[in-house]
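Novice: Knowing the structure of chain A, use the given hints to seat chain B on it.
In order, the protein sequence lines correspond to chains A and B. For what it's worth, our numbering labels the leading residue of the first sequence as 1, then goes sequentially. For what it's worth, our numbering labels the leading residue of the second sequence as 1, then goes sequentially.
Take the hints with a grain of salt, since some may be wrong.
Unchecked claim - 27 Å max Cα-Cα, derived DSS-like pairs, lysine-lysine:
#, chain 1, residue 1, chain 2, residue 2
1, B, K68, B, K195
2, B, K68, B, K127
3, A, K206, B, K127
4, A, K206, A, K252
5, A, K206, B, K137
6, A, K252, B, K137
7, B, K68, A, K125
8, B, K127, B, K137
Don't read these hints as lab results, they were simulated from the structure.
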Amino acid sequence: MNALAVPSNTFPPATYARPLDATRLLVVHVARGEVREASFVELPRLLARGDVVVVNDAATLPASVFGETARGEPIELRLLALPGEDGECDAVTFGAGDWRTPTEHRPPPPTLAVGDKVYVGLSSKHRLEATIVRAGDRRVGLRFERSRDEAVATLYAEGRPVQYAHIPAPLRLWDVQNTYAAEPWAAEMPSAGRPVDFATLDALRKHGVAVVRLTHGAGLSSTGDGALDAALPWVERYRIPPETTEVVAEAKRQGRRVIAVGTSVVRALESRSSIETTSLRIDARHHLRVVSGLLTGMHDGTTSHADLVAAFLPADLLARANRFASERGFLGHELGDSCLILGA
Amino acid sequence: MGMNLRGKAALVTGGSRGLGEALGEALATRGAKVVLVARDAGPLAEVAVRIRERGGEAHALAFDVGDKESAHRITGAAAELVGPIDVLVHNASTLGPLPMPFLLDTPCEDLEAVLETNLVGPFRIDKIVGGSMALRKTGVIVHVSSDAAVSGYPRWGAYSVSKAALDHLGRVLGAELGEHGVRVLAVDPGEMDTKMHADAMPDLSDTERAALAAPAAVAERIALMIEHVETIDPGARVVVSNWSAPV
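Okay, chain B solo, but in the shape it has when bound:
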């Protein structure tokens, strides 16, 4: 028995484009009540409208996950609109200033800002939602990671550090919440054809770009992972292209 997403309340950050938008669609298609969060109200509202036009349930909350004030605003408003959160997907993240600098050229303040959005922001929301999930003995938390979390690529410093820490946040949280029925995963989606990827690597050739995965295909697999979460070790880090659903 996996998690049936029909009627479940799902909160997805970074929902205005790319993988977040695709995850919103994938979860809504499976019958989840989806709340999307992003900073830019306009594009975010368009995504929610598109999902609703296709018969799904989607709500848009324009908040910045890197802002301390936003955490309870996001979780409170989301729970009011769709009920206690069953599925929490931390997809929002920032690369920091572009083009991405060497670490020695990265201002400390820029590192702090990247950690605030990619690590502390998700932690704040995990703290709020995790307690309710533990009380209800159900829930899935997904931290969207990157292979930069495990490899030391030059110029990816601030982002890499934040994603490595986010992976480990998920491991410990998974160990603490596992016996309360809450599953935590770090998911490495692989390289996708998104704006973020283009920001990080603007000089790709058309051939190289064509080889990137489509966010919709990756989102489908992550939704499938959530449905089969009980087959994945608590707190595990999963690479999307290496994972297949149990038969």
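This is chain A alone, in the form it adopts within the complex:
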């Protein structure tokens, strides 16, 4: 935990899916010790020709599906992935109710053991049977009995994105997809990329800034269970295409900046492992080897996100930046405002 970070609730949450161009941008220039507000359309001019921006192109899953156990108990499953070739995927279970109740106040989910059945989907037309193949405390492995095509299509028809207590109107799939997203690997939206619309991508490239991608299966931000949450982030899969590795390496050789859009991109690039999963936790003690800048959302100072941000700048500058943004009413959480940290 970062002692100098702002306390929680510094940035009130954005409570609806605001238009992308409503996003405000805080710019923190570490070498100059400078903190100011800029417009998002200035983003290309804040970077230099030859700099590289790396985005996470994971699409957001319809991760939240409702159903019931064989005993008729209501259950919500939050999928960490869609079923693979073997028909299996992992999920976290939640009890009765929905997102309008804060997760920590939800009743506990029904107990599930290996071999138990759950029925996913509330409409009889789209009901899927799944068998529990791994049972942790609240984390379970499921095997869907239908073909993978049918299971994936049905989960899309029945599921919706993970919802948040501070956003009353249900979020739809289109509210939580980044402009450039493709494969549905993210259990929750890689929200740092939300303001990066096509005009931004186009302007960055015209300015000589390369925009490249990796795919990182960002997991759940919270399970409402203290013991489970303390172990977040769990092991997450990522894939860095060879062309991205080359572009990033060339930028490093040329002394250019590598800007990560989102903490998931930082974790994948800094993991630099041939094993394509990561549970790397980054904090102020981490020496960044690849990434020299970060575009991210505004988050309170008590999260693993805030710990990661502390790797980019000294604690006093971080505290000043947070105060600056807080006084100006920047909004936080998934659909909130943005912060660009240009590293030293």
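Specialist: Coordinates of chain B only, in the frame set by chain A:
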């Protein structure tokens, strides 16, 4: 160098019969991983099974492209099954109520419904897939058009309007995405022996019907066009019978 379709991810709407079915087969034969979309799950699944029996890769997603809710379901499920989409073919379309009425007899709601399926539906999917293609600097988007897009035939009003707008959607999209490595085409397949053609013109004689092109032959040429897409102007409208592959 054209686009080699082997291993590419292709999404084809209206894939349960006619040109869409034939395009699914033509792309799968070239080694593409094909996802077919149509409303009717039964016939669609049969097409996918047939392609797989011949050694191709095909998946079936039963969704309605005219339904707003379907757009992300289609693109998300398709990307999960075959990876980021490289080739997107908008073949699904509707003529509207049959027999096709004069424009003055066309209820406004029917015009809206035709635009929803033939124009807004493809636009929604283009918006989703186009961003990923631009980021990856690769991709081909094909809008299946009709000569009704350029000629004002009586009683073809709603369909004509939707196809003319779809052609122009492709022109602008092609201009915007061209420098990001994404090619957009409007393809006029010509008159084919399909259910849609029979719905539109039920009174053709056997001789007239025999003169119609076979969907499989047209699909082969469209697949060839995709392979040679770099020789075609971005956003261009191409009439299949007027096009030949560069030698």
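Novice: Does each hint hold? Answer for all of them.
Specialist: Status of each hint after checking the structure:
Note on B:K68 and B:K195: the hinted pairing holds, with a Cα-Cα distance of about 25 Å set against a maximum of 27 Å. Using a Cα cut-off of 27 Å, the hinted pair B:K68 and B:K127 holds, with the two alpha carbons roughly 13 Å apart. Between A:K206 and B:K127 the CA atoms are separated by roughly 21 Å; this keeps the pair inside 27 Å, and the hint holds. Proposed proximity of A:K206 and A:K252 is supported: the alpha carbons are some 21 Å apart, at most 27 Å.
Using a Cα cut-off of 27 Å, the hinted pair A:K206 and B:K137 holds, with the two alpha carbons roughly 14 Å apart. Between A:K252 and B:K137, the direct Cα distance comes to roughly 22 Å. Compliance with the 27 Å bound is thereby established for this hinted pair. Between the alpha carbons of B:K68 and A:K125 the distance comes to roughly 19 Å, so the proposed pair stays at or under 27 Å and holds. Our distance criterion of 27 Å between C-alpha atoms is met by B:K127 and B:K137, whose separation comes to about 15 Å.
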